[in-house]
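J.: Residue strings, one per chain:
Protein chains: 2
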Amino acid sequence: MTTTAPVPTDPARTIRPTGTGQHAEPDGTRVDVPALTGVLLGRYGDLRRDARELLTQERFWRIEGQPVADHRARVLDQLRTLAAEGNVHRAFPVRFGGADDHGGSLARFEELVTADPSLQIKAGVQWGLYASAILHLGTTAHHDRLLPDALSVDVPGAFAMTETGHGSDVASVATTATYDPATEHFVLHTPFRAAWKDYLGNAGQHGTAAVVFAQLITQGPGDPAPVNHGVHAFHVPIRDAATGEFLPGVGGEDDGLKGGLNGIDNGRLWFDHVRVPRADLLNRYGDVAADGSYTSPIASPGRRFFTMLGTLVQGRVSLDGAAVNAARIGLQIAVTYANQRRQFPGADPTDEVVLLDYGQHRRRLLPLLAETYASGFAHEHLLAAFDDVFSGRADTEEGREELETLAAALKPTSTWHALDTLQTCREACGGAGFLTQNRLTSLRADLDVYVTFEGDNTVLYQLVAKRLLTNYAHTVGGDPAVMARLMAEKVTDAALHRMPLARAVQTLVDAGDARRSAGQLREADTQRALLADRAHTMVAELAQALRPARRAAPEVAAALFDAHQHEMIEAARAHAELLQWEAFTRGLDQVADSGTRQVLTWLRDLFGLTVIERHLAWYLLNGRLSAGRARTVTSYIERLLLRLRPHAQDLVDAFGYRDEHVRAEIASGAEARRQGEAREWQRAQRASGQAPVPEPKPRR
Amino acid sequence: MTTTAPVPTDPARTIRPTGTGQHAEPDGTRVDVPALTGVLLGRYGDLRRDARELLTQERFWRIEGQPVADHRARVLDQLRTLAAEGNVHRAFPVRFGGADDHGGSLARFEELVTADPSLQIKAGVQWGLYASAILHLGTTAHHDRLLPDALSVDVPGAFAMTETGHGSDVASVATTATYDPATEHFVLHTPFRAAWKDYLGNAGQHGTAAVVFAQLITQGPGDPAPVNHGVHAFHVPIRDAATGEFLPGVGGEDDGLKGGLNGIDNGRLWFDHVRVPRADLLNRYGDVAADGSYTSPIASPGRRFFTMLGTLVQGRVSLDGAAVNAARIGLQIAVTYANQRRQFPGADPTDEVVLLDYGQHRRRLLPLLAETYASGFAHEHLLAAFDDVFSGRADTEEGREELETLAAALKPTSTWHALDTLQTCREACGGAGFLTQNRLTSLRADLDVYVTFEGDNTVLYQLVAKRLLTNYAHTVGGDPAVMARLMAEKVTDAALHRMPLARAVQTLVDAGDARRSAGQLREADTQRALLADRAHTMVAELAQALRPARRAAPEVAAALFDAHQHEMIEAARAHAELLQWEAFTRGLDQVADSGTRQVLTWLRDLFGLTVIERHLAWYLLNGRLSAGRARTVTSYIERLLLRLRPHAQDLVDAFGYRDEHVRAEIASGAEARRQGEAREWQRAQRASGQAPVPEPKPRR
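Protein chains in written order, with the UniProt record's numbering: chain A, 1 to 700; chain B, 1 to 700.
Possibly wrong hints are sitting among the right ones.
No farther apart than 20 Å at their CA atoms in a straight line, the calculated lysine to any residue pairs in the SDA-like style are these [what the hints assert, rightly or not]: (1) K697(A) - P301(B); (2) K697(A) - K697(B); (3) K466(A) - G222(B); (4) K466(A) - L560(A); (5) K697(A) - A563(B); (6) K466(B) - E397(B); (7) K466(A) - Q423(A); (8) K697(B) - E541(A); (9) K466(A) - F344(A); (10) K466(B) - A563(B); (11) K697(A) - G302(B); (12) K466(B) - L560(A).
The hints are simulated quantities; they were obtained by calculation from the structure and are not laboratory data.
Isolated chain A (complex conformation):
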């Protein structure tokens, strides 16, 4: 296995303005870039390096502006190449050429985003959804019969869960699979237009089979009436592989052009009383006997549903990782450009200022860099949790719930962050950022849908909030001491509003020494306390506000939940920010070199304080920060930005991407050459004594 060099090696990239790139402090402290790359690549570093090496090959790169038909064909071809070269089997059992390595497989898969997000997502459809559904929802017979063709892409498959009328609410899909004991078939049917399967990768053109989710309806010998057992999955051939035509009873249409990811043939499917053999029910969690009797190893229909959907978590995990990688590419481009591009003369009228030496430019880019680091460390934590569950090492109900909550908290946070980052990077590069050759607009367009697919971000945050509320209820229910502490907090909190004078004295003491406050905010414990306090308090307040819903009429309860939906989402976000901060802080321990650890600690502080600044009104409103201390948040951020500025290039170079991954003209060294040539010309002009003189200002 070859490994990539951790730092880009193009000599053009070494053209850097003074003070940036391998920057050393006066005492010699510098970021050890290769070592930091090692830390960032994490547990699966070797696999990631290997995947990156593979993706230096042009045959995997997106060709910008390629017509949709060609792009789709190219991506299908890339999938088959990956399969043929054995790059996709890792998560599957050894007997199918795999390694039962779930975490490692996802880590490799996440790297595909640098080549072409369409490749990443189409690979996700084929192996992460279609083949994975066969693996996780099917049983040995299905594995033997279906997995080889799924893995090799001899059968491109769709994952037919979403319907036009039902996206996030999977439990309500309207497609039915009614068992007919006379012929031992299920009758798969789409009752109306809104029940068409929709947005399915591989359904628009290439797919010859699909895993179709439908309400399973049976009437066994003991059932007085047909019973709906809820959503189950079926393996269904949909197209004739030779002709590409739909099979009888199956129809659909292409979803057409999309805002991005046009290398994938998303489409719609419908079924008109299609007969599916009994053996094609993926029957791991629910089976139907020849006579129509239904059995399941999971008695509760609700738990069964969530168990079946649990395999979807790997999609969310991988989107989290891919979003972090996309943000890294964006920052690699924008920070490199900001270190080379000059605009407007500075204190020296004969020279222009490098963009990153502008206060606002640092304000725009460096907090995003800090959050990208935080997201990266948090993702490593998520990936480890994922592997613990999927490897079976921690495959408990609690472990799965933890994993799902973690993924539901981090995927929205990192995918929204990636969009913000790519957009800010594009704007920070001005007109050059808008050119497709500089990568940012296409990456952003492709990443756009990451915030609403595989679980709409807003819905996922609500899932997190509900889990946090449940945990809170358990904690409070189980431990009177915790209850007492929480109540004490409530009282203190209430006191702020009822007795502002008393509180004000406390505030006064707190604010006494601004320099001490700044010192405190720099301390990890203070940041943790502030972030944790907010995350916990928001849940506690929500629990209290929602308490009346328990005994209320459904309309009243629904109205109450609705009135607090916004706070639920904010509480989930606060939880995610705390998770990211904790992961970043734990990540610092992995850094052996003291200079590197110092710089990363500043970056962690920048992350923590940026989050606190974002929610400053909350901290002030709830008496957690005095006005005086709150002011130091912003001034300390400004100080951190200045401290981090000289290390910015090293911090993006540590992502370890090569020019073959970045592929942006403005980050290739071209801008540095242009600027160097211009400055040289100006210098020569001045030296020549032949330069025109400026027009004299008129005398008044």
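Add chain B to chain A, keeping to what the hints say.
T.: This is chain B only, laid out in the frame that chain A set:
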């Protein structure tokens, strides 16, 4: 002149869920949609209706997914059609078929964005920049010789100002035009790669001429050395119209694919000692005699430069208007969909909840609707100011400065708002929002560059801040009473930190009655006072912070400005928000119908309170709001969202777009039909008594 019907007339659009659309309060109050449309269309309502009528014709619409070459050809063709049909002359003199109507011309032009933003911007390049530079920077001989072909698009022209190395800093462009008295020519030259003209519409392919900006260098009989008179504009043929080849000495390249606006052929140009006849200097503000003597009606080189660039303001004005229109189209789509789309069962388990009945969905969309209204009213104000100056009615130096500041404040605000709005709308429509057929992603991609071209938003905000600081210095300098009041404010402000107890008492009184506070926040005067206080205080604080720069060494002054760059930008934004709020409030006076005015007043309050909530930390930190009162901001916003919710459809319908402008499948009534069909099917199932029963929950 025909006028469009103000409300969409497609019968499918009338399929609306109960409680939305022409919603009436119990007392009969409703939004008078046609009358409101009239108010929103503003001063140039007839021209706007006429332009919209024209744009119902398919020949002007963007064809999504069209190959770039075809898209470019189509847009050029559309330009020629507009010219041939007499739709583009309005801003030009009567003798060229125009009406000297600058405001009306821009109003028509802004409407083009609904057909295809590429059409809008290419029209802007041809008539707003190229022809307009001839008109405003040239003199009668240029008008006679060049305008007819510019207006008819017989000569497609580029506006060659920006260089690869210099975008916002126009004063530093490096292209030179050196006068040679021997031949009475200017020698136009590009000294190095960074001085190539770049990002120019029409330069990539279609342009046969360009207005080129270059440093004018002359040496008249009285000059001891060559003098640089700064940036001047020249009319320069660049391509052979018959062959499409560059003329001798001219070169360039296509900018290639972009993140949007691919109907425009942006490109680069360079000049290798190209000889330009003396008569082709656009000489209104600076002329060169045969012997090389330079003369100008404006003695100060600085003022001359800003006067020449002053004509650029119309680009900013029109981008502001187009951004408002794009945000309106986005909201028309997302609100219509949110009123028809159902997801997840509600209190009634047999029915699903309409998206806009979710608290978070209202939170996402309605404040954007409020800001879009505010932006629309503010744009009308800007357009009037523009017409006052360009018509000559108020063409004073002060009038121009006011206009430029206004445009520099509003263009960034509305273009960023349009991107936010289109993105939020796209996410609020889920997967459907990502399909190109639903319009949102393409509109957003096209609008993306609006935030960095025609003046980078960040640079424009700094321009606003500088103007505000100058005004502040004049005010304080001129009037001791003002100075005293401002100082008193500073003292009060400082007291907050030095004497928190005293302040706390004040806060206590303030917070005494939360219900009264809510009432106060609803009052226009309170909102105005809060917004104005913040805008003014931020400038005053900046002025104080930057005062030491006046006597400091250049490096020290530069560092001081840099340290406060972020606050300068925030101060400009605060100013823009105040302008928007004032414009919205003045707009209320134009609404005669009391029901409509009531609803619009709630919408104005929502805008004001959303802005205050966004900056709540500032109000708390600076003692402008007590904690208790600050809490009422959010609860009052929630109440306004509930009040406005039933009127949401009417408020977007009042934008007055027809299906031919909106062109989004999900806003066409298709979603309502799908949902209706599904609910009908479910109802029939339940009525039939044949519906499968749910699987019983297991007994414990």
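J.: Would you list, in rising numerical order, the hints stated earlier that this structure does not obey?
T.: Hints 2, 3, 5, 7, 8, 9 and 12 are the ones this structure does not satisfy, whereas the remaining hints hold.
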